[in-house]
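Here the sequence shown is numbered in the working numbering, starting from 4 and rising by one per residue.
By construction, these hints were calculated from the structure, which means they are not laboratory data.
Take the hints with a grain of salt, since some may be wrong.
[To be verified] Here are the computed distance ranges between Cβ atoms for each label pair:
| id | residue 1 | residue 2 | range |
| --- | --- | --- | --- |
| 1 | L175 | K91 | 23 to 31 angstroms |
| 2 | K89 | L170 | 40 to 48 angstroms |
| 3 | F169 | V103 | 26 to 34 angstroms |
| 4 | Y81 | V32 | 19 to 27 angstroms |
| 5 | R85 | G62 | 14 to 22 angstroms |
| 6 | L36 | R85 | 31 to 39 angstroms |
| 7 | F64 | K195 | 42 to 50 angstroms |
| 8 | P97 | L77 | 18 to 26 angstroms |
| 9 | K195 | P97 | 21 to 29 angstroms |
| 10 | L170 | H150 | 18 to 26 angstroms |
| 11 | V92 | G124 | 42 to 50 angstroms |
| 12 | L170 | I115 | 19 to 27 angstroms |
We treat Cβ as the ideally placed atom computed from N, Cα and C, and that holds for glycine.
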Amino acid sequence: MMEESAKFLSLGGFSGVIVGFIAVIGATVAYFLILEKGTVKYDEYLRVLPGSSFSEIRGSFIFLGLAVLLAALLSVWYISYRKSKKLKVNFWTPSAKKMVYSLAVVLITGGIFCIILIYHGYFKLVASVMLIFYGLALLNASKYSKHDIRSLAYAQILIGLAAAFFLNHGLLLWTIGFGFVHILYGILLYFKYESQD
Numbered sequence: 004m005m006e007e008s009a010k011f012l013s014l015g016g017f018s019g020v021i022v023g024f025i026a027v028i029g030a031t032v033a034y035f036l037i038l039e040k041g042t043v044k045y046d047e048y049l050r051v052l053p054g055s056s057f058s059e060i061r062g063s064f065i066f067l068g069l070a071v072l073l074a075a076l077l078s079v080w081y082i083s084y085r086k087s088k089k090l091k092v093n094f095w096t097p098s099a100k101k102m103v104y105s106l107a108v109v110l111i112t113g114g115i116f117c118i119i120l121i122y123h124g125y126f127k128l129v130a131s132v133m134l135i136f137y138g139l140a141l142l143n144a145s146k147y148s149k150h151d152i153r154s155l156a157y158a159q160i161l162i163g164l165a166a167a168f169f170l171n172h173g174l175l176l177w178t179i180g181f182g183f184v185h186i187l188y189g190i191l192l193y194f195k196y197e198s199q200d
């Protein structure tokens, strides 16, 4: 009981599913932006699109990425807040603060590293770096939440390493990692902890 009280328990399976769907929607938008007018093959998606400047494409992806991140963060916050109210427990506990800090340090570092990669033109590594740093952030924060989060962390790291190897399939692996793995994780978490509620 002491261990449970020291962990942030308001994260639920539904928030994982929602984050996964937001990622899939974001990736779908990116895919159709990339394949504008059907003139660019998937494995050439990092080249300049006909009739568009490269900076416009880069700006579109940065804007889309920030929109997906903001939508995911707001969804997780809202769902977790509502869950804590339903369970009649405090939302912003010391464990929640520690978890957010543990996530933020690694995620911000990874985000800055992605910006550096984009600045230097190493676009093909961005999807891989995002997945790996996200996995490391989850692993770092797992001590303040349910231990199941470690499985999600390891999956993200492994998919990120695969994305580093298969560079031309970064968007696909990003979609699998942030999208479908989150959806599966959320469903499993729901049936493990919440289906009896």
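So, going through the hints one by one against the coordinates:
1. L175 / K91: 23 to 31 angstroms: 42 angstroms, violated
2. K89 / L170: 40 to 48 angstroms: 44 angstroms, holds
3. F169 / V103: 26 to 34 angstroms: 32 angstroms, holds
4. Y81 / V32: 19 to 27 angstroms: 22 angstroms, holds
5. R85 / G62: 14 to 22 angstroms: Violated - the Cβ-Cβ distance for R85 and G62, about 35 angstroms, lies outside 14 to 22 angstroms.
6. L36 / R85: 31 to 39 angstroms: The hinted range 31 to 39 angstroms holds for L36 and R85, with Cβ atoms some 33 angstroms apart.
7. F64 / K195: 42 to 50 angstroms: 35 angstroms, violated
8. P97 / L77: 18 to 26 angstroms: Holds: the Cβ-Cβ distance is about 23 angstroms, inside 18 to 26 angstroms.
9. K195 / P97: 21 to 29 angstroms: 25 angstroms, holds
10. L170 / H150: 18 to 26 angstroms: About 33 angstroms separates the Cβ atoms of L170 and H150, which means 18 to 26 angstroms is violated.
11. V92 / G124: 42 to 50 angstroms: Given range 42 to 50 angstroms: holds, Cβ gap about 48 angstroms.
12. L170 / I115: 19 to 27 angstroms: Holds, since L170 and I115 (Cβ atoms, about 21 angstroms apart) stay within the stated range.
In terms of the numbered hints stated before, the structure departs from hints 1, 5, 7, 10, listed from lowest to highest.
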